[in-house]
Amino acid sequence: MIRTDFQSIILNLQSYWAQQGAVILQPYDMEVGAGTFHPATTLRALGPDDVWRAAYVQPSRRPADGRYGDNPNRLQHYYQFQVIFKPSPAESQALYLGSLKAIGLDPDAHDIRFVEDDWESPTLGAWGLGWEVWCDGMEVSQFTYFQQVGGIECHPVPLELTYGLERLAMFIQGVDNVYDLDWDGVPASDGGKIYGDIFKRAEIEFSGWNFEHADTDMLLQHFRDAEAECGRLLGLDKALALPAYDQCMKASHFFNMLDARGVISVTERAAYIGRVRALARGCCEAWIGADKAVSHG
Amino acid sequence: MADLLVELVGEEIPARMQTMAAQHFANAVQAALDGLGVWTGEATINGLCGPRHLAIYATGIAVAQPDRVIEKRGPRVDAPDAAIAGFVTSTGLPREALTEEDTPKGRFFFARSHVAGADTTALLGDVVADILTQFPWPKSQRWGRGSFRWVRPLHRINVVFDGQPLAGSFDLGDTQPMAFGATSCGHYFEAPDDISLVGVDSLDEFKRRLASAHVIIDQSDRRTAIIDGAKALAKDVGCTVDETQLGTYIQDIAGLVESPTALLGQIEDRFMQLPPELLQATIATHQKYITLQDQSGAFSPYFIVISNRQSDPARDQVIMAGNQRVLRARLADAEFFWQQDKKTRLDAYVPQLKAVTFYEGLGDLQAKAVRLEKLSSALAPYIDGCDGADAARAGYLAKADLVTGMVGEFPELQGIIGGYYARHDGEPDSIATAIAAHYRPQGPADDVPHTPTAKAVALADKIDTLVGFFGIGAKPTGSKDPFALRRAALGVIRIILDGKLSVPLQKLLDKAAENYGFAAVDDDVLPFIRDRLRVYLRDQNMRHDIVAAVLADAGGDDLRRMADETRSLAGFLENGDGLGLIAGWRRVSSMLAAEEKKAKHAFAATTDPALFNDIEHALHSALTGLPDSDAGFAAQLAALGDLRALINRFFDGIVVNDDDPAVRLNRLGLLAMIREKMQLVADFTKIEG
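Read top to bottom, the protein sequences are chains A and B. Just so you know, numbering that gives the first Met the number 0 puts 9 at position 10 of the first sequence, and the rest follows in order with no gaps. Just so you know, numbering that gives the first Met the number 0 puts 667 at position 668 of the second sequence, and the rest follows in order with no gaps.
Accuracy of the hints is not assured; some may be wrong.
[To be verified] DSBU-like, lysine-lysine: derived pairs with alpha carbons at most 35 Å apart:
1. B:Lys341 / B:Lys474
2. B:Lys373 / B:Lys499
3. B:Lys104 / B:Lys206
4. B:Lys510 / A:Lys100
5. B:Lys479 / B:Lys138
6. B:Lys287 / B:Lys373
7. A:Lys199 / B:Lys206
8. B:Lys138 / A:Lys100
9. B:Lys206 / A:Lys100
10. B:Lys287 / A:Lys199
11. B:Lys234 / B:Lys138
12. B:Lys353 / B:Lys341
13. A:Lys199 / B:Lys499
[Unchecked claim] Not everything, but these chain B residues come out facing chain A in the computed CB check (under 8 Å):
14. Glu10
15. Pro13
16. Arg141
17. Ile318
18. Asp383
These aren't lab readings, by the way, just hints derived from the structure by calculation. Note that CB positions come from ideal geometry on N, CA and C, so glycine has one too.
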């Protein structure tokens, strides 16, 4: 019997993808809005490796989605499981379906659909085509063939899979409230933990910070600082792509915080997104350029 | 003759693209085969598309191209030997094979070579390759290491001609070209084994082989299966399927399944208090389930899920339970907003509209609310039964729901939700209905608002938008109309015509401009609306020349009058008086044109009654007695109809070019008078034969 507690789902996904030849990484140690931001996806989608396979869990922060722990489906901090396979294998769909089986969701016992969903990240200057995968009407994953990242064409084309772990676990465990998810498979009487035991207080406190207390002047300054530092690192004679990209991720997160605080108007919003995209593009270009410099030098 | 089957197997094609893909594929193959000369008079072709299969099946294809004779003209027979020798070499024929023939330009050498037609099998590889390379997918992608773009990764290219696999391959820009095959595949889970296409000898046989592997490849077959399945289940619970409504989204359902099975679900009681429009949006639009209506026509708590699996009781339960849970979560979200939003009165949301930009340069939505309040009230006097204060209030509240949680989640319910909230706040029914309907009509198929207050607010919203965007120079150009201004203008036209409203449009455009603080309304707004009226009337099958004759007066802003006059004139020109009058008009205007050309000046419509004979007297007094526009267009046309006989008598009994120059001039003046009086009614110069 396959274990379906939250941590077992993660462990099973990791071991499944490890068996498929993926490098199992750990989460990137910065606040990001989605697993795609991890340099193992964003930058490695472009180079230098001709073959790159990786899988990792990434805590994702969406400040505006916080609901003070009241909403059974929405969180400002949640987990994505991210897989990137470059080049996309011919049997991509079969590999993916195999992963569902590995976590106790036998595709043959359900109604699985691939429903058109073109993916785009305006802040990363990235897009791809693919689907959201439905299991009995529930979206359980994003399935994307990357075409561009940082405005640069991907060659070869990577396959990106993103599992929204809470939602997937709720489906597998048959739970209607995210805070009721079994985390460890240990009974409460024996000190076992459910999702709410671990994250409820964080959701309440961070919602308060995101929506009410975050110092917007400070966030604005942080945004400008990150933007300036990113630009400076990219402008060096030998651009430092990775540290610059860290600053780009920071800028993106500060923008999300400012957005949650409601201090960015609709018209300004597009301008901010454009500024982050410019940083991302610069980092991606530097990443490829640095790669050339190394391989030729 | 033989059959041709081309089948492409790949990853899921978006539902919305499947119809286009099947049609394009069939058209492209037919055009290519026709171009090669192998499309016979008996040939047929069908395009078929499902999520993972895209195919054409053609019959009556020639197995080889017909032989052809290629004719080349060479030099003249008396040309230098070197030129003739050069020609002989270029043809590849022996000198004796040339013939000499006379042409209008002299006697020339001709070379005729017979070219045997190629076998069709030798041509098909290129046909397939060309079509694949140029397929017009709305969006396409690369995958793996390849450079070829397709809608989603393509896995197999099957080509079967005359029941036999065709050898060949297609270059994906990858390391290995993809070899053509004749092996299709069945439903991913129901029939994972390969299916041979060898020996397929009819469209039905092709469909049967796939169906035996649980793939219904023909879209119309899938639709039928879905509708039949849904109807049968609906009947079990005493409900019906609204097929008209289902027609608007069945493409989305049929494009997601290969093996449809209908399953019955039920909405929990607690959610049935939510507005039916909201239930419809959640269940049909977002989840792609089929909604039902009960015997009274009310929204039924039952709904139907179309699964992509063969029926299996245990699995069906699992599938339904999963779908019910998704729906419950979505409806719980909606219910949360429904209850949360109603804690605040709709009018208290209006100040929050300040934070939402209408459009850069056109202020925020709170300002729009205030403008709509004013303009709706200004429109009220022109709409029967419309209370000015009601219209103002409805205009003020119309946009308030845009900042509610519900519309944030379900943008397509804007207006409708505001209507519910207004009713909940105790606003009068007329106001709630107006808020709900003020975005209408949203497209050619959408109804116009019917209540007086709704008409006022709907008109105000569209006029405000038109005047605003024109005011900052954001006008539609060519096919680009990002702010849907054509739709707004058409909405104004349809509301006015449907409601038989006489609205002084120019005055209201001026008022709208004043609300924005513009110095004046942009000059192009009225012509733009009049131009849309022209298009609208032509779409109603009105003759373009009649529309042009009525809309000749560039300042006209009474849309209803212009539309009515177009209809009247069209009717008039269909009866004998009208046709006869047009004949008379042509004689008058062509004679005047000829005489004026000679005289090099126009004739004034002045006459001396002393010079008239009886016929002229009668015509003249009829002309002076013509009713003016106050009498109405129909009366004017009727009176013109009466002129017909008098004009005929004039031309039959009188020679205009009399020997007496004074009499001649007087008669030309009378003709000029006919022209002048008729032009006052409509621009008859625009009417074509």
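Check each numbered hint from earlier against the structure, then list the numbers of those it violates in ascending order. Numbers 1, 3, 4, 6, 7, 11, 13, 18 - these are the hints that the structure violates, sorted from lowest upward.
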